[in-house]
Amino acid sequence: MKQLLSALDYLHNQNIVYLDIKPENVMVDVSGANPVLKLVDFGDAVCAKEFEVLPPANVEFAAPETVLGQPTSCHTDMWSVGVFLYVFFSGLSPFLDDSLEETTTNILKCDFCFPHEYFGDLSNEGKDLISQLLLATPSQRAGASHCLNSAWFTDVQRSNVIPTARLVSFMERRKSLSRSLIASAS
1 MKQLLSALDY LHNQNIVYLD IKPENVMVDV SGANPVLKLV DFGDAVCAKE FEVLPPANVE
61 FAAPETVLGQ PTSCHTDMWS VGVFLYVFFS GLSPFLDDSL EETTTNILKC DFCFPHEYFG
121 DLSNEGKDLI SQLLLATPSQ RAGASHCLNS AWFTDVQRSN VIPTARLVSF MERRKSLSRS
181 LIASAS
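Under UniProt numbering, the first residue of the sequence shown is numbered 1, with each subsequent residue one higher.
Bear in mind the hints are in silico, worked out from the structure with no lab data behind them. Do not take every clue at face value.
Once the Cα atoms are required to be at most 30 Å apart in a straight line, the calculated DSSO-like pairs of lysine-lysine come out as [to be verified]:
#, residue 1, residue 2
1, K2, K22
2, K127, K38
3, K49, K109
4, K22, K127
5, K22, K49
6, K109, K2
7, K38, K22
8, K2, K127
9, K127, K109
10, K2, K49
11, K22, K109
12, K2, K38
13, K49, K38
With beta-carbon atoms standing in for the labels, derived distance ranges [unchecked claim]:
#, residue 1, residue 2, range
14, S145, N34, 21 to 27 Å
15, H116, G43, 34 to 40 Å
16, K109, N34, 37 to 43 Å
17, K109, A45, 24 to 30 Å
18, C113, Y10, 30 to 36 Å
19, P71, V40, 23 to 29 Å
20, A151, N58, 26 to 32 Å
21, G69, N34, 37 to 43 Å
22, D98, A45, 26 to 32 Å
23, S123, A33, 25 to 31 Å
24, G69, A45, 17 to 23 Å
25, N15, V36, 23 to 29 Å
26, K38, E102, 31 to 37 Å
Just so it is clear, the structure is predicted and the values come from calculations on it, not from any experiment. From the three backbone atoms N, C-alpha and C, an ideal C-beta is built for every residue, glycine too.
Model the full assembly from the supplied sequences, consistent with the hints where possible.
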């Protein structure tokens, strides 16, 4: 997580908004002694310009302003980081529903919670960080540098090992759904 936020902090300092944070675009290189996270697919990235309006790359990870067709900014990426963290720890998407309309409504209402069965092992600092990212008003969201300095990252007692089983399960469900959609379209 720290590497993802460091990458975004760098991009944002270069006035680049990534706009497509999702598990498929976060790769981990395990060939060296220490795993290295790599952010891939910069096809939706843009120079941060005032009043940039773009369609969402992936509604499931889209910020309210993107869904509404409003200007995007570095804060838009931070919403997607919040969704990514939620998915990473729970294996569930916080806003995904049965239809695009219901998913969009959930995003606009910021309708999410932390069910104990999925978030029981996540500290209050971790939940607070996700909550600081999933705010409807872009300017109120924590930035990448703020996140890197948050209690969740600076707490020396916290283990550096984060279980990935739920994220793997989430990714397998997404692949299966994609295959089903492709098959039904044929």
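How the hints compare with the structure:
1. K2 / K22: At roughly 16 Å apart (the allowed maximum being 30 Å), K22 and K2 satisfy the hint.
2. K127 / K38: Given that 30 Å is the threshold and the Cα spacing comes to 24 Å, the pair holds.
3. K49 / K109: Given pair K49, K109 holds - Cα atoms ~26 Å apart, limit 30 Å.
4. K22 / K127: holds (19 Å)
5. K22 / K49: holds (22 Å)
6. K109 / K2: holds (28 Å)
7. K38 / K22: Given that 30 Å is the threshold and the Cα spacing comes to 12 Å, the pair holds.
8. K2 / K127: Given that 30 Å is the threshold and the Cα spacing comes to 16 Å, the pair holds.
9. K127 / K109: holds (18 Å)
10. K2 / K49: holds (26 Å)
11. K22 / K109: holds (21 Å)
12. K2 / K38: holds (12 Å)
13. K49 / K38: Judged against 30 Å, a Cα distance of about 25 Å means the pair holds.
14. S145 / N34: 21 to 27 Å: Roughly 22 Å apart at Cβ, these two residues keep to the hinted range, so it holds.
15. H116 / G43: 34 to 40 Å: The hint (34 to 40 Å, Cβ to Cβ) holds, given that H116 and G43 are roughly 38 Å apart.
16. K109 / N34: 37 to 43 Å: For N34 against K109, whose Cβ atoms are near 40 Å apart, the range 37 to 43 Å holds.
17. K109 / A45: 24 to 30 Å: holds (28 Å)
18. C113 / Y10: 30 to 36 Å: holds (32 Å)
19. P71 / V40: 23 to 29 Å: Cβ of P71 to Cβ of V40: about 25 Å, so the range 23 to 29 Å holds.
20. A151 / N58: 26 to 32 Å: Because 30 Å falls inside the window, the suggested range holds.
21. G69 / N34: 37 to 43 Å: holds (41 Å)
22. D98 / A45: 26 to 32 Å: holds (31 Å)
23. S123 / A33: 25 to 31 Å: holds (28 Å)
24. G69 / A45: 17 to 23 Å: Since G69 and A45 have Cβ atoms about 19 Å apart, the given range 17 to 23 Å holds.
25. N15 / V36: 23 to 29 Å: With a Cβ separation near 24 Å, N15 and V36 satisfy 23 to 29 Å, so the hint holds.
26. K38 / E102: 31 to 37 Å: holds (33 Å)
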